[in-house]
Amino acid sequence: MSAPARTLIVPCLCCLAAAGASAMDLGLESFGGQPVAIGAGPRALGMGGAFSAVADDATASTWNPAGLTQCERPEVAMSAGWYRTAITDAAGTDSRSALRAEHVSAMLPFFAAGCQQVVGIAWQRQYDFTGSQSWHAESTGPFVSSSQDTTIDRTGSLASVGISYAIEPLPGLSIGATINRWDDRLTRASHYRVDSASDASNVVFGFPSSTQTSQSVQVRAASGTSVVLGTWWQACPGLTLAVVAKPAYHLDLDVDSTSTVVTSFGGPPTVDHVAESRSASLHHPPSLTVGGAWRHADLHCVSMDATITRWRLYYVDNEAGRYSPINVNLAPDDFPDLWTVRAGYEYIAILPWAVVVPRCGAVLEYLPACTTAPTTAQEQTSATRDRWLGLTAGASLCLRRTIWDAAIQVRHGSGVGTNNYTALDQTADVTTFESRLGVTYQF
Amino acid sequence: MIQSIPRIAAWALAAGMLLDGCARQPAQADPASPPPGTISVPFRNRWWHFYERGLSWAAAGHDAEAEADFRQCLRLRQTDSRFARTYGMHFVQCFAHRELGAVLLRQGRRVEAERELRMSLQQEPSAKAEWLLQHPDGAGPAAQAAPAGPAARPDGILVASIAAAPAERLRVSGRIEGEAERALWAIDPAGAATRVPTGPAGAFATETAAGAILALGDATGPDQAAAPSLRLVEPQAEVRLSIDGPDDGTVVGDGKAWYRWSATAAAGLARLEVDDAAGDRLASLGLGGVQAAGTLRLTVPGGAQVLRFRVRSASGGEGSAERRVDSRPTPQQDRALRAVAVVLPLQAPRPGAMRAGDDPRLRSALVDDGRFRFVDLQADEVLARELALVEAGYVDRSTAAAAGRRLASRYVIAATMTRAGHDAECFLRLIHCDSGRQVASADAYAVVSSDGEADALFAASAGRLRQAFPISDGAVAASGGSVRFAFGARAGLTALMQVHVFPAPPADGQGGRPAALAEVTAVEPAAATGSVQRGSAPAAGWGISE
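Protein chains in written order, with the numbering used here: chain S, 1 to 443; chain R, 1 to 546.
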């Protein structure tokens, strides 16, 4: 192949690889394996995340800050999480696990101007990227055939520090807000890294070639502000209702990538190193949650939340333009608004020596996705949705002023993850497992 | 000069402020006595705020305000609970029905109070609700001397008044406590039994022969052997005496018999005297005022005795009552065989109803009495911490029983103390841990104005508890796993009590090791049955209670 063609192809491959990597490295998943950040704490996780109308402890600032006004005494809480993602596709199963501090929060109620008011602060790891994927892709055509093996390892997270305020202007009716800052220099945990490697063999018009690409991308949140607005209403002694709005926000990201491409066209290989730094802006979509909780006889609590997310407003802006983190070939506007429904239950078991609270929950979640392409070379794909099901369980052990919480969540998506967890022409069965352990102290 | 005026004014202002501050001392808040109607957190119209404020009002005697707050609490929350959830994992006690009942009792609204208290017991049983139902006059300060008739007994007969009627008859009125299907009978001196009609809430009013006995039973007849009975003694004009203590031939150990008494006389009380059947004076107390009460220890000669209590008024009037006891030596018992009990921290039904030294005094009195072996004090301290969830003032049976089981104790002694003014009342309950049932109770009342008098009150409490749960012995016959005791309720045997069975009566208290351990299952006045728990009981042996 003549030099100009090689020159043409390699950058194209690099661009594609870069763009693909950008899409993948910015294809965010939360600590629970979801692209939608949820609140903190094992108790809420154990209830399936249906916590917006409950929100009656130190973690409320991350779920529904308006719920903080229920609290009458200061509390501090912290939790850690261990999670594992297993992806099963045609190439087999990849899994990776990580143990992380998940959140620390504190809140202080006070009474002023005739109103119950609360201030709080929370640090929360909202997105975690720990994961490992590998896949094999082949395509065969009359003039071009290719075979590629790709592995991607990710580690890191995006975290936020939030200040919350809530007030109860009328008995039983509260409003609240949390302002989160995502700056890495503030949170010390708003950065992640993606290492990818691919080994491709191509035959183009009968001429064999091979390309080994390795890339390392470091992403750091330089700045970003998000807001959570909440209301909470005690409709009657046993029923509480809540509305939580998360407006759209964006994170300014610094992306540093280094890539090495070794290309061979049958002769001596050529090695190209590319190092670049660029900025990108990741735009998160707005969401609206409506929730309710019913408490019966002090012993039972049933809660349910429904969240709608405007996924068309989920996109990345960089020098290359605007594209969807789901698939660079799809316009962000192609993705529909989608629902997530959560339900949870907890039971208060009063023992002579302590109070034990078992709980369980379920999640039905629709996330934006793309359809499977015929081949990796033919990128005919369109926006669709993946369905995920989750089950949760947990328990609290209440000993005087100290509450120990633990919870687990298992999420499963069958035939999901095209272009996010696996190649463009494949789907995968993805199971995420998350466990949280936390402690709350009540003053 | 002109420039100095503002400075002088400033100094004058500062001096004035200083003097003003010195002259007007800030009110010194007594942390032990928060202002009535205040709660520990800002008031936000939550049900637990109304409840806490109601308690604050009630403690200060503002009954109307307390009633309003308790009723508002009940509009928001309808059930009493020891673990009422406020928010998150926060729990508080909420006994709005019970506390409303207590307030209504103080206001004299007994029917409403009883309804609230019974509802509270249905929803969340509590010792305080039980106690208030049994002592309707004790809802406020320590119980005043009962003005008429023998003291009320649980599931018993409360006589409100006795008045002389023509032809040596008596007019008696009162009410019966306990199960609605119980019937009241009057047994005349000739032995004829006549059923006494009872109205709503067990009230009765009848005319019977002097010396008749009122007894509870069922529709077919009286059951004097098992149910409480009451001998009617013609009262002297204007003088009333009530006695609570052993009767009906109950065995008293070592000649010691404890009685709680109360007396009233419109003309003023003069003296209380107690004589035995031989006319020997056992006690003589000078009295004053129109009401008096106390707890009395009598040294009773051995054998069957009739104790005659007589109170005289300043005008020469007289009230009397008789009690029959059987005085015997307390059985010799190896200390290692004694019942094991744990004493819960002394509770008070309301703030200020006990003093700091009351708890150790009671414990000392119980230890000195020697009836029980106690779990060590260190365990009690651990227990006290674990009982942080105990309801204010009273320990419920289930909590007490669970606490006792944790410390490998067979019984729990739960005590409450109520001080008011110069008098005090101590109420003890003995709770069987495994079943949570109360097997005995005792109370003592006295005027207490010094530490010595407080010690005497606690000694009386311990003595009355021993009297209600004495060490008793007697012949035992075993067959298979069943045991028949030749002694019963009169000797002090109660259901659930354990009895150590020996092959023969021990000599000089040295009985060796018991052959078996039996537990009483059913009790009659002079006999009882039980089952063998451990060992092999001889066909004919000797039993000593734990």
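Hint data in this document are derived by calculation from the structure and do not stem from the laboratory.
Certain hints may be false.
Claimed, not checked - Selected chain R positions facing chain S (in silico; Cβ < 10 Å):
{"hint": "1", "residue": "T38"}
{"hint": "2", "residue": "A68"}
{"hint": "3", "residue": "R71"}
{"hint": "4", "residue": "Q72"}
{"hint": "5", "residue": "F91"}
{"hint": "6", "residue": "Q438"}
{"hint": "7", "residue": "V439"}
Said to hold, decoys possible - So these bits of chain S aren't anywhere near chain R, every CB distance computed over 12 Å:
{"hint": "8", "residue": "A112"}
{"hint": "9", "residue": "C115"}
{"hint": "10", "residue": "Q234"}
{"hint": "11", "residue": "C236"}
{"hint": "12", "residue": "L241"}
{"hint": "13", "residue": "H273"}
{"hint": "14", "residue": "V355"}
{"hint": "15", "residue": "P374"}
{"hint": "16", "residue": "I408"}
By construction, the Cβ of each residue, glycine as well, lies at the ideal position given by its N, Cα and C atoms.
Checked hints:
no. : hint : in the structure
1   : T38  : 13 Å, violated
2   : A68  : 18 Å, violated
3   : R71  : 15 Å, violated
4   : Q72  : 12 Å, violated
5   : F91  : 7 Å, holds
6   : Q438 : 18 Å, violated
7   : V439 : 21 Å, violated
8   : A112 : 9 Å, violated
9   : C115 : 9 Å, violated
10  : Q234 : 9 Å, violated
11  : C236 : 10 Å, violated
12  : L241 : 16 Å, holds
13  : H273 : 56 Å, holds
14  : V355 : 7 Å, violated
15  : P374 : 54 Å, holds
16  : I408 : 20 Å, holds
Hint violations for this structure: numbers 1, 2, 3, 4, 6, 7, 8, 9, 10, 11, 14, all remaining hints satisfied.
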